[in-house]
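Protein chains: 4
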Amino acid sequence: MKTHKYSVILGNLGNTCDRFCRSYKNNPPALEMLKAAAAIPHVTGIELVGTWDIRPDNAKQMKQALADLGIACVSIIPDVFTRPEFGKGAYSNPDPKCRRLAVDETRRMCDIALEIGCGMLNLWPGQDGYDYLFAADYDKERSLECEAVAELAKAYPQLRFALEYKPKEPRTRCYLARMADTILMAQETGCANVGVTMDTGHAFVAGENPAEAVVLAKRAGNRLFHMHFNDNHACWDDDMIVGSVHSVVFLELLYWLDRCGYAGWLSMDQYPYREDAAGAIGESIQWLVAFQAIVDRHRADLDQAIAAGDPVGTSRLMRRLLLGAR
Amino acid sequence: MKTHKYSVILGNLGNTCDRFCRSYKNNPPALEMLKAAAAIPHVTGIELVGTWDIRPDNAKQMKQALADLGIACVSIIPDVFTRPEFGKGAYSNPDPKCRRLAVDETRRMCDIALEIGCGMLNLWPGQDGYDYLFAADYDKERSLECEAVAELAKAYPQLRFALEYKPKEPRTRCYLARMADTILMAQETGCANVGVTMDTGHAFVAGENPAEAVVLAKRAGNRLFHMHFNDNHACWDDDMIVGSVHSVVFLELLYWLDRCGYAGWLSMDQYPYREDAAGAIGESIQWLVAFQAIVDRHRADLDQAIAAGDPVGTSRLMRRLLLGAR
Amino acid sequence: MKTHKYSVILGNLGNTCDRFCRSYKNNPPALEMLKAAAAIPHVTGIELVGTWDIRPDNAKQMKQALADLGIACVSIIPDVFTRPEFGKGAYSNPDPKCRRLAVDETRRMCDIALEIGCGMLNLWPGQDGYDYLFAADYDKERSLECEAVAELAKAYPQLRFALEYKPKEPRTRCYLARMADTILMAQETGCANVGVTMDTGHAFVAGENPAEAVVLAKRAGNRLFHMHFNDNHACWDDDMIVGSVHSVVFLELLYWLDRCGYAGWLSMDQYPYREDAAGAIGESIQWLVAFQAIVDRHRADLDQAIAAGDPVGTSRLMRRLLLGAR
Amino acid sequence: MKTHKYSVILGNLGNTCDRFCRSYKNNPPALEMLKAAAAIPHVTGIELVGTWDIRPDNAKQMKQALADLGIACVSIIPDVFTRPEFGKGAYSNPDPKCRRLAVDETRRMCDIALEIGCGMLNLWPGQDGYDYLFAADYDKERSLECEAVAELAKAYPQLRFALEYKPKEPRTRCYLARMADTILMAQETGCANVGVTMDTGHAFVAGENPAEAVVLAKRAGNRLFHMHFNDNHACWDDDMIVGSVHSVVFLELLYWLDRCGYAGWLSMDQYPYREDAAGAIGESIQWLVAFQAIVDRHRADLDQAIAAGDPVGTSRLMRRLLLGAR
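Chains as they are written, first to last, in the numbering used here: chain B, 1 to 326; chain V, 1 to 326; chain U, 1 to 326; chain P, 1 to 326.
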């Protein structure tokens, strides 16, 4: 039986806002959030957002704090999405100055990753995309994005770069929109240390079945580097507690992650607008732990359900595994 | 604790097709389907589609067969959707001849309902709508629909008429598309014996939370007359086994049905394209029975979760109720 | 030929943000925005957001500024959505203190409306809804919402109250979600001065055809009080320039607005995240003016297309009217 | 200026049905449909569905008929989707007998293609997918699909094989669901004569911007082999007349097809359920001809709009090009 590693994005414990309300909560200091994260049952890793949580000036201190708490730094997420300079794109921005800014910011985070012993950069180029038709050169901007990622991956061969896809928000259309698009981008860089982050909520919005997308990544040469978990109502990135909407789909995802040999982290990426953050994130982990226990205990049954290909039999099994009902 | 009544639409046990494949299965005779339906655990009622399952010439025989099996006829569903004459509308068809055909066909089914002791007509005016913009007079056609329904409801005051809504298919836009539209139509008829059928899959496609829609119907004067159950991937009427995609949402729906005093049938309306029909329908009922048992056993906890309004606490409760996990 | 009145929500000319980027632009002073709005061709009215744009302390000054510019105040939109106090609801908040806060804030805006000669309050209760299942009492909260609106409508019979619906954002589910739900709410208040605001983008997200929804409102007793215009990619409230995605649907909407006797304003409600605001808003108006000119010039053809109910003929007409192509 | 080649799928001119109504129309004989297709202005090519339209026994006759009418056979579409044997998959069916049936049927069509001088097979494996979670082995079935396509592509190196993607229908999930998935499949075959068919309606349902997807295919080594055109309301494959919902998006698609060097056919794939078929298909072509004329005439303006990346300027241009409005 596999032991899974659970982690959290630090900022998920902080303040939340939307385009209407600037602040639903107070923002605790990073160190306090770190302690709160470490106190969530099963959490042994953390993801840090560049500049917010970690910068050249606090890297040493953060390294020490993580060591003291026995928490691994799972990834660093460079902030190429909150500054207005990146409003029309970061790595794919047609303005070379903005692009340089994005790449340099990412390089700084790569240096810090090496310094603090973190092996992965999670790149979420949320601003790389477009809003309107006939207002962007898709071909050129995709080339620019590829060049930027390749430059980084080649400069830091000891690090892994996980591209996180999402169909929309903050742009009405993002370039790295779905699993397969993003695999194509990873392949185009020609770098084996470029792969994909799946965020389950982004996959739902993309109309994907996450388990099937995991299989795509495995077939493309084990390109799945990282996992972000949350749930939603299937049309928008609501960033809710795992299990609050979907059940079977998470069970199936965990099953296929194992079967595809995924050995990475299961990281929580939520946005608890109005909820107690540690509570909401902890709940997601508890659901995953419970789902995983079901998968571990009943793997042979699940194998057989898939082999049988009979939805009625599968339904009976699901009812038994999920509800304990015959 | 309430005892729920489970029923089935007879045709769900028969042949299936789509616009590509004319026949995935064989079509057993109606009487054989009836026996198969009656043999599904918990089933005590049946819905019959007019003309397919029941006609003036076989009404007596059907009545006897139902009596022999101890099965109630829950509703008759007049067929105003499979004949090309209704391709551009039944009750709202601008051609008065087609409209008359639809109303007369429905009247025949009302007569049969009275004859066989069935109290409800389930009207699904699937062809009443439009496909293209600027190709239908929405105002006039809605008036025609209202008139037709009102004529029927006034002619048969002993019967209840449940309007089943669905946003699209077979038209790209159907007039009775959502719960609230359909409540407005029911009110506009001025007849207290006109209400609404909710099909859970149609509600998902409409972007509704079924439980909230049930509350709307209750507030509008207990207009929820009937329930059809199935599950889907939330963008199309896939007519799948209950519980195969969603869990919590069904739990919540059953809770609010009780709380709103719904005393009608829980009827299965599936379309098991490639599955064993009795098996697939039986599974839906088993899921509902299991969900209902959870609701019945933990009603006080659920009441309290709603009153507390704390999603973290609700998540903990759901995990316990659904997975038996702490 | 009707003369249409075009207006703008003042705040659309100001700063923009999202949950990632706090500020894409600078925020000009209200008076400067007002001048910029007044300078947009065809604009003769403005909507003001309570507290941001207008407060007891600046009402006189604003009234004068509007008079100087010859601009009408079309509506006041009380801010019951940007403050964390309203994070779990304004008019429907289970906490009576929050509800009172919302109603009192709205009353203040009603007083100002009377003072400055504005006849309409546009109520957008965006926070009235819920995020998670089993975490809100839909029945009770809907009652609370109705009571609050009724209290306001009865206290200010000289004013009209237009309820703006939207299926989601900032909550994952909002109570006033679609046209028909909102009509039911307006009716339930028992007040003839309560009606509906349709925002075209919200209607797209709700899966509605706006023209058909306008007909619903007309049939329910002319409950359409106000119109907000913008465009989107049909799954989220992107708040884009009118005509950037859809064309025929706007043409059809303008046609049916006229046919249903809508005599209100056509107000622009956009969110030009990264665009020149006055430019983007001005474009929407220019598209509407151009669409309206087509409707006005070819009304007889459009009447006939609808009466004919032939999508091929309609297509030919659309091609001629939109592209000038035979 | 490019000359575009317009074609039609022959069956689009025949009978239509859905899962409710078995027949909205009469089905004319193939030869009559062929004449009707040839009579549609601008049509110079036809796509034939295997078995329905073309079989070993009528291949010679069909070849002669096409020659007489001066119509090219653009592609043959083997029927691996209408027979119940393929209900649980054709090329990916876990049952080797079904798979063999599908491959052999396709081989027969390849032989006919060579015989009648048609250079392309359009493969739409609509039944290759799944309906329920935990009921299919995604990894194995994708391998089977790849093997089958590779076997065909290697056996017929003179032919091109265009894989047509679609997210769902007739399965609730199809394996070839989006542009990038399908590119990955084409690459995995290792055959340069395997590429992609984009159906614009399928792209809308997949949440893609068609123009951007065309760029993806170009970047992946000119994998776009074929185009099917139709329009829809963006959530389901309504197979409507081009231009009846979207305008700008088609303009942008045609622009990028040219810019990416697409030299294939523009083929109409509609499903005129209730409309005059030749009329509805002819309308689509007329819209495309009109859009193409705009692109051809204003290419420099469009190049510049894209280079400028200013949605306000683009909007102004679109208004001028589409509506002739300043």
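Be aware that one or more of the hints could be misleading.
Pairs involving identical chains hold if they fit within one copy or between any two copies, as the list cannot separate such chains.
16 Å max Cα-Cα, derived EDC-like pairs, lysine to aspartate or glutamate [unchecked claim]:
#  : residue 1 : residue 2
1  : K97       : D310
2  : K218      : D57
3  : K35       : D57
4  : K25       : E105
5  : K154      : D18
6  : K35       : D310
7  : K35       : D68
8  : K63       : E32
9  : K35       : D137
10 : K63       : D301
11 : K140      : D57
12 : K154      : D104
13 : K97       : E147
14 : K97       : D237
15 : K60       : D18
Just so you know, the hints here were simulated from the structure itself, not pulled from any lab data. Keep in mind the model is a prediction, meaning the values are calculated, not measured.
Results of checking the hints against the structure:
In this assembly of identical chains, K97 and D310 lie within 16 Å of each other by CA distance neither inside one copy nor across copies; the values are 56 Å within and 18 Å between. Taking identical chains as interchangeable, the C-alpha atoms of K218 and D57 are never at most 16 Å apart, the minima being 38 Å within one chain and 45 Å between chains. In this assembly of identical chains, the alpha carbons of K35 and D57 never lie at most 16 Å apart, being 20 Å within a copy and 46 Å across copies at closest. In this homomeric assembly, K25 and E105 never come within 16 Å of each other (Cα to Cα): the closest approach is 28 Å inside a single copy and 22 Å across copies.
Taking the shortest alpha-carbon separations for K154 and D18, neither the intra-copy value of 37 Å nor the inter-copy value of 33 Å comes in at or below 16 Å. Taking CA atoms no more than 16 Å apart as the test, K35 paired with D310 passes in neither setting, with 47 Å inside one copy and 23 Å between copies. Taking the shortest alpha-carbon separations for K35 and D68, only the intra-copy value of 10 Å comes in at or below 16 Å, while the best inter-copy value is 58 Å. With identical chains, the CA atoms of K63 and E32 are at most 16 Å apart within one copy only, with a shortest distance of 15 Å there and 49 Å across copies.
For the identical chains of this complex, K35 and D137 are neighbours neither inside a copy (45 Å) nor across copies (35 Å), given an alpha-carbon limit of 16 Å. Proximity of K63 to D301 under the C-alpha cut-off of 16 Å is found in neither arrangement, the shortest distances being 44 Å within a copy and 44 Å between copies. In the homo-oligomer, the alpha carbons of K140 and D57 never lie at most 16 Å apart, since the shortest distance is 36 Å inside one protomer and 50 Å across protomers. Taking identical chains as interchangeable, the C-alpha atoms of K154 and D104 lie at most 16 Å apart only when both belong to the same chain, with a minimum of 14 Å there against 47 Å between chains.
Proximity of K97 and E147 under a CA criterion of 16 Å is satisfied intra-copy only: 15 Å inside one chain copy versus 47 Å between copies. For a Cα distance limit of 16 Å, the shortest separation of K97 from D237 qualifies neither inside one copy, at 30 Å, nor across copies, at 31 Å. Taking the shortest alpha-carbon separations for K60 and D18, neither the intra-copy value of 32 Å nor the inter-copy value of 32 Å comes in at or below 16 Å.
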